Amino acid sequence: MSFSNSGNTGGETVIPSSDSPSLNGVTAAIDFDEPQKSYSLLPKQNSEVPGELLEVAMGPHHPSTHGVFRMDVVLDGERIVKLKPVFGYLHRNHEKIAEGTSYLGSIPYTDRLDYLCSMSNNWGYALTVEKLSGFQVPERAEYIRVIMAELTRLVNHICLVGFLMQDMGAMGTPLMYAFREREKILDLFEAASGARMMCNYLRFGGVRCDLPKGWLDEARKVVENFPRFLDEFEALLSGNEILIARAQGVGVLGKELAVNAGITGPMLRACGVNYDIRKVDKYGIYDRFDFRVPLGEHGDVFDRYMVRVLEMRESLKILKAALRDIPEGLIVDAKAKSRGLRPKVGEAYGRIEGPKGELGFYLISDGSANPYRYRVRPPSLINLTILEDMCLGLTIADAVIILGSVDIVLGEVDR
Amino acid sequence: MIPTLEQIKARIEQSVPGARLEIIPNGSPANQPSLLVSNEHAVDVAKFLRDDSELRLDYASNATGIDWLEKVVKEKVKVKRMVEGVEKELEETVEKKTPAYLEAVYHLYSMSLKHGPIVLRLRTENRTDKTHLPSLTPIWRSCEFQEREIFDLYGIIFDGHPDLRRILMWDAFKDFPMRRDYVAPDDYEYEPTPHDAVLEKAKCHFPIVETPEVKP
Amino acid sequence: MLGTGLIKGMAQTAKNFVGSYQGPERLVTVQYPEERLAPKENARNFPFLVFDGDDAQKGLRCVACQICEKECPPKCIYINKSKDKKPDYIGKPQFYPATFDIDISVCMSCQICVEVCPFDAIKMDKVFELSTTDRFEALLLHKTELAKPNEYFQELHPTEAAEIDTRFAEEKLKAEAKAKADAEAKAKAAAIAAAPKPEPAPVDGSIPTPVAPKTI
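Those protein sequence lines, which keep their order, are chains A, B and C. Mind the numbering: the first sequence is residues 1 to 415 in our numbering, read in order. Mind the numbering: the second sequence is residues 1001 to 1216 in our numbering, read in order. Mind the numbering: the third sequence is residues 2001 to 2216 in our numbering, read in order.
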């Protein structure tokens, strides 16, 4: 048995008739039939410039775009004249799904936002729900959260550096070294939560299950061996002439623009703005750890690479302290409730320093079991705001590494 | 230390003449009350918040839309009525209709002074034909994609936005999927799951095509 | 000097290449179909139903309370509750699932069903080699395929299973003790009720059969 779906093949959508209740007369305000705002990237041909401009759609199936991201680029020879990112190929309406799901049921969906960093996504969401409903988190759970979030940061940064090198043409070698180390951390995640990537580990007011026996020793071993790998990685890359030639002075982003455009995370700190939410908000128990915030100076691709490498070293410091100090005790607060949670009417905005930048969640409760509004502030999407500004005037090969240094995951960009 | 929302309100009223502001309380333990700003002064208020030396809210972290449907709120009101010749105070429940509107919410932080959040709210007149709001993208560029997203998913039209196109949905898409009363069009490809209503729905949607059974 | 960075990097790759022959530190993968790593104890893939005893359908712990069906985020569980009751592991009559299907093409292995189950009836499996040629029917697991014995569960998650088994044993003991006490109390009551009757007690010394308690 099969169904013909001939009505669906031509890319033509079935449009709800104009008297459909969902439109609500919006047509009065927006005339859909009028040609939409002209979307031709090609600027008016300048007769003085010899040759012609070329419009290229890079993506959504381009290996350099880290997923199904597309940038429409206008090229003059090899120089970029205009660049527009196009989103939505991975859009699955995460926010709408969450509005129809219970508070607990949204946690596994947050794993799938930035699928490299499921643990910190969980934390962002759990933190916001805790703000919304006033739950406390026991000491041990806070430590576990910090450990998991910092391990996630290691995973993310190491992958990013690997992929960035891949974009620069270092085919495979640094990426495979990075993945080898990531593998060890993913094994830790699997031992603790049951899954390597879609961990679904944090709960409101704590974590889902306690760490298994011997996990802390395993984690200590991984953390102890990690710096040696980082040294090797840096010996391989940081002084490399090709990397320096490709990355220095490319994709420069100014401080003022970065702040105004809401850039966060390592991207922002590479421009020299000292803003780390772990230090500013001191959420969780981050005020107990002694770590520094690495800052860049020039805001180019090389600084972004360097800031990430240094951040990994700071993360290791936090990890060492957390693994040393972690106490015994409860893992979930007794008053916290996961299933059937109905917070009071109100709203809360919670944010954490995710590996990619500020990951925020905005929840509005109307007193029912589902959130009235659930919003994710995706760092990847907002960090792309200034992609065009960084790329203009550079070559298309530079655009590839600039995009690589922004560090996007399409699961989060499109949600 | 960041001034309280009341102080901020007073200062805005002083420096942006004519601005109508209202503090919206927040019942949750998060304690993040917000500031409702009149649309025509929103850009001036935003500029003041960004440039004021004490506030310096240079970073708009989050901008998002909310769809509020028409709600019926029951309120108890004391009324004086003549009952059997004697005037008595009676309690009566009065049904109040709150109008439907779309709302844009901005969460502002300061990167230089490291405080926040201040929550700004802008409301449209209704959710059908008067869905215009001033764009704050000229003040904070971080709103560029987020306002596009609000336009895409909620249908708020931001006047003054440099590039207001759909962002997540494709350009030919009509309607706004994040609105509360959005009905998903019945046009996607159903997979024949062995259960359920979905199959029934799929059957009436796509006529069954007889395929000759292939036997290995 | 130009080129030193390159040479240093080459030295690193050489070190890693040689090192990969020497220890698991630099070679974390195995040759998969021939070599396999033991799965972690907490590992999870898709859910299954636990039964006690020998008969898969009789011994199912599931009582068709449908909490998992309601809580499942992607809604991949389908349960039909039975009309009649069957005794469970402590002999208490319970409903049982007439149908219990899990569509593992939809399931996202989040383990929420396991978390919310108050009867420890649904647990996570570790089988991952599930590829089939049929996308629909073969990926819909029915009650018969889902039911796995408790021994299997003990093998998969020893710590958790041991905990649950001791709890169940305690509960069973308690239930038995309670049943016994109830029976005795009933017998006593019956004896008291029977006492004033002038008829002589049976001479053959037979013990009055305890009346089975109606409810426990």
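Since the hints were derived computationally from the structure, they do not count as laboratory data. The model shown is predicted, which means the values in this text are computed figures rather than measured ones. Some hints here could point you the wrong way.
[Stated by the list, open to error] Below, a list of computed lysine-lysine pairs in the DSSO-like style, where the Cα atoms sit at most 30 Å apart:
no.	chain 1	residue 1	chain 2	residue 2
1	A	Lys344	B	Lys1047
2	A	Lys320	B	Lys1114
3	A	Lys255	B	Lys1114
4	C	Lys2188	C	Lys2174
5	C	Lys2085	C	Lys2008
6	B	Lys1174	B	Lys1047
7	A	Lys282	B	Lys1074
8	A	Lys96	B	Lys1078
9	B	Lys1047	B	Lys1071
10	C	Lys2085	C	Lys2180
11	B	Lys1074	A	Lys344
Original post:
Going through the earlier hints one by one, which of them does the structure break, listed in rising order?
Top reply: The structure conflicts with hints 1, 5, 6, 7, 8 and 9, although it agrees with all the remaining ones.
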